[in-house]
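Based on the hints, put chain P in the right spot on chain W.
2 protein chains.
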Amino acid sequence: MNQLIECIPNFSEGKDQSILDALSDIVTSHKGVALLDVKPDVSHNRTVFTFVGEPQAVADTAFLLCEKATELIDLRRHRGEHPRMGATDVIPFVPVKNVSIEECVALSKVVAKRIWEELAIPVFLYEASASSSNRVNLAAIRKGQFEGMPEKLKQEEWQPDFGKPQIHPSAGVVAVGARAPLVAFNINLNTDDLAIANAIAKKIRGSSGGYTYIKAIGVKLEERGIVQVSMNMVNTDKNPLYQAMEAVRFEARRYGVSVVGSEIIGLTPAKALYESAAYYLQLEDFDPELQVLENRVGELGE
Amino acid sequence: MNQLIECIPNFSEGKDQSILDALSDIVTSHKGVALLDVKPDVSHNRTVFTFVGEPQAVADTAFLLCEKATELIDLRRHRGEHPRMGATDVIPFVPVKNVSIEECVALSKVVAKRIWEELAIPVFLYEASASSSNRVNLAAIRKGQFEGMPEKLKQEEWQPDFGKPQIHPSAGVVAVGARAPLVAFNINLNTDDLAIANAIAKKIRGSSGGYTYIKAIGVKLEERGIVQVSMNMVNTDKNPLYQAMEAVRFEARRYGVSVVGSEIIGLTPAKALYESAAYYLQLEDFDPELQVLENRVGELGE
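Those protein sequence lines, which keep their order, are chains W and P. Heads up: the first sequence is residues 321 to 622, going by my numbering. Heads up: the second sequence is residues 321 to 622, going by my numbering.
Heads up, some of the hints might be wrong.
Pairs involving identical chains hold if they fit within one copy or between any two copies, as the list cannot separate such chains.
What the hints assert, rightly or not - With a Cα cut of at most 25 Å, we get these calculated DMTMM-like pairs of lysine to aspartate or glutamate:
1. K359 - D605
2. K417 - E609
3. K535 - D607
4. K522 - E604
5. K359 - E614
6. K359 - E609
7. K388 - D341
8. K351 - E614
9. K433 - E387
10. K417 - D357
11. K417 - E374
12. K540 - D605
13. K359 - E604
14. K523 - E604
15. K540 - D607
16. K540 - E604
17. K359 - D607
18. K535 - E604
19. K351 - E609
20. K535 - D605
21. K591 - D357
22. K591 - D607
23. K558 - E604
24. K591 - D605
25. K591 - D557
Derived from the structure by calculation, the hints contain no laboratory data. This structure is a prediction, so every number in the text was calculated from the model and none was measured.
Pulled out of the complex, with its shape left as it was, chain W reads as follows:
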């Protein structure tokens, strides 16, 4: 049974194509990993890489990317709209196939240790890898950003998980951790009233009393003249896509508004779709591991 882990490192460079090419080359030239996506954002001056592969290959590639970013990106000269604290800002590991979140946590710690020992960049562990509850949320760790980090590291409660309480002069600090797969799921409504989308988002998101593992905001789609509830489904095992859909549908009803469509941005684990198919088809005792043909291919001999 081959194991698969996804890694989605964020780098503080969104403009210089030569730097992005150098980072891409590291992934494409490494055995056992596949580069799935490179998404630069010019105004954020930040790029999100997505790659997937076997655990050891993913760990090695993540380290090599961080090493290359340390060499090529100098945060002292970085300007961008997105908050950041490191040249390599964050490295999340996500279980995809035949891997537990615990194994991803273990892997994240190996990579974190190596980043400190070989690159002298202090590392914070976050999400499932966090060493305390106030380090689960990346935003809390990153607060103060690169410029405020030297002062922040002097505080007792913000000692790095690996390394000394002193930033790398040009590369800052890095957050490394394991988290459940995230699905970017947006639901479109037949109204152009952003207030309605925001009101619905507030009803369904965990931070204001809705579903624990749904993050949501209202967004205007100018070109289509409609609004959408834009969501990050941060744990589709706990809060599957169908819950978001049905909850948005019944919240919208009070405004006489309906769902006209939806979209998944980027990637989704197959499981998130099986879950919703099984719900709507009312499947009893359905086991995707056993019953989805493609999942049985692992049993193939050489």
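Frame of chain W, contents of chain P only:
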């Protein structure tokens, strides 16, 4: 991109475990294929094997199974409730991944030719491999069964596609062909009235004017005191699972009856589930090939 074909050969033996073991051994000892299921039926005196693998390995394994069945099964002594015409009764090839139905048709002809040339069993091509429209349906080819086959083969229109018009003395004739994946999908109703399940089945199945690629009958679930519409979804690209579900739902409504659940028996291609998830979640422009993480694994280096 590795290619995957499923093969579901049916053998006219459902009782003698030593024979079933000998057939299983052929699959499990062959490289490049995985045995997914062996389902014997004692009253039918028939066993359905399911295996999957690379095209060449699947073709070779199918032939070797037919060879072994010819050696071990004598149809002259076979009694069972299920109609049959051969020791190996039927060998369907089903495209699973990165394979077209046309490639499966080509493969079926290679296997059919080999069965005639090396085992001297006449072969009929059926379903997508059929040489004429009256040979698409397996039941039409099999009509008359083993005992009536010598007479049937004398008719001009029932000349075998491969071989002379004379049955193999103990192994009869074989049907070989390619077909789309089939999903066994049953929908349970909150009534014990079999007449209602039958009436709904008639409304939705292709043979009586319903959906072309749905076969359906009513079935009583004695132990649960309910009935179900039992379906073979013979082409889930053309008639996805959600069509069956929604059609059964609205037909049931006229009897004041509701759907209480459903089941998928055995295997389903992932695609059949993506299709229904996308329908119910109202996904716009969703492309499972690009957006389902597991489907991107083929891009992995060695």
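Against the structure, the hints:
In this assembly of identical chains, the alpha carbons of K359 and D605 lie at most 25 Å apart only when taken from different copies (19 Å versus 39 Å within one copy). When the C-alpha separation of K417 and E609 is checked against a cutoff of 25 Å, the pair qualifies both within a copy, at 11 Å, and between copies, at 17 Å. Proximity of K535 and D607 under a CA criterion of 25 Å is satisfied inter-copy only: 24 Å between copies versus 28 Å inside one chain copy. Proximity of K522 to E604 under the C-alpha cut-off of 25 Å is restricted to the inter-copy arrangement: shortest distance 24 Å between copies versus 33 Å within a copy.
Taking the shortest alpha-carbon separations for K359 and E614, only the inter-copy value of 20 Å comes in at or below 25 Å, while the best intra-copy value is 29 Å. Taking the shortest alpha-carbon separations for K359 and E609, only the inter-copy value of 19 Å comes in at or below 25 Å, while the best intra-copy value is 32 Å. For the homomeric pair K388 and D341, the shortest alpha-carbon distance inside one copy (11 Å) is at most 25 Å, but the shortest distance between copies (56 Å) is not. For the identical chains of this complex, K351 and E614 are neighbours both inside a copy (24 Å) and across copies (18 Å), given an alpha-carbon limit of 25 Å.
For the homomeric pair K433 and E387, the shortest alpha-carbon distance inside one copy (13 Å) is at most 25 Å, but the shortest distance between copies (59 Å) is not. Taking the shortest alpha-carbon separations for K417 and D357, both the intra-copy value of 19 Å and the inter-copy value of 23 Å come in at or below 25 Å. Proximity of K417 to E374 under the C-alpha cut-off of 25 Å is found in both arrangements, the shortest distances being 10 Å within a copy and 22 Å between copies. For the identical chains of this complex, K540 and D605 are inter-copy neighbours only, at 19 Å across copies versus 40 Å inside a copy, given an alpha-carbon limit of 25 Å.
Within a single copy, K359 and E604 get their C-alpha atoms only as close as 40 Å, which misses the 25 Å cut-off; across copies the closest is 21 Å, which meets it. Taking the shortest alpha-carbon separations for K523 and E604, only the inter-copy value of 24 Å comes in at or below 25 Å, while the best intra-copy value is 30 Å. In this assembly of identical chains, the alpha carbons of K540 and D607 lie at most 25 Å apart only when taken from different copies (24 Å versus 39 Å within one copy). Taking the closest pair of Cα atoms, K540 and E604 come within 25 Å of each other only across two copies (17 Å); inside a single copy the shortest separation is 39 Å, beyond that limit.
Only between protomers do K359 and D607 lie at most 25 Å apart by alpha-carbon distance; the minimum there is 18 Å, versus 34 Å within a single protomer. Taking the shortest Cα distances, K535 and E604 sit within 25 Å of each other only across copies (21 Å), while inside one copy they are farther apart (29 Å). For the identical chains of this complex, K351 and E609 are inter-copy neighbours only, at 22 Å across copies versus 27 Å inside a copy, given an alpha-carbon limit of 25 Å. With identical chains, the CA atoms of K535 and D605 are at most 25 Å apart between copies only, with a shortest distance of 23 Å across copies and 30 Å within one.
Taking CA atoms no more than 25 Å apart as the test, K591 paired with D357 passes in both settings, with 20 Å inside one copy and 23 Å between copies. Both within a single protomer and between protomers do K591 and D607 lie at most 25 Å apart by alpha-carbon distance, with minima of 10 Å and 15 Å respectively. Taking CA atoms no more than 25 Å apart as the test, K558 paired with E604 passes in both settings, with 19 Å inside one copy and 24 Å between copies. When the C-alpha separation of K591 and D605 is checked against a cutoff of 25 Å, the pair qualifies both within a copy, at 15 Å, and between copies, at 19 Å.
Within a single copy, K591 and D557 get their C-alpha atoms as close as 8 Å, and across copies as close as 20 Å, so both meet the 25 Å cut-off.
Of the hints listed earlier, there is not a single one the structure fails to meet.
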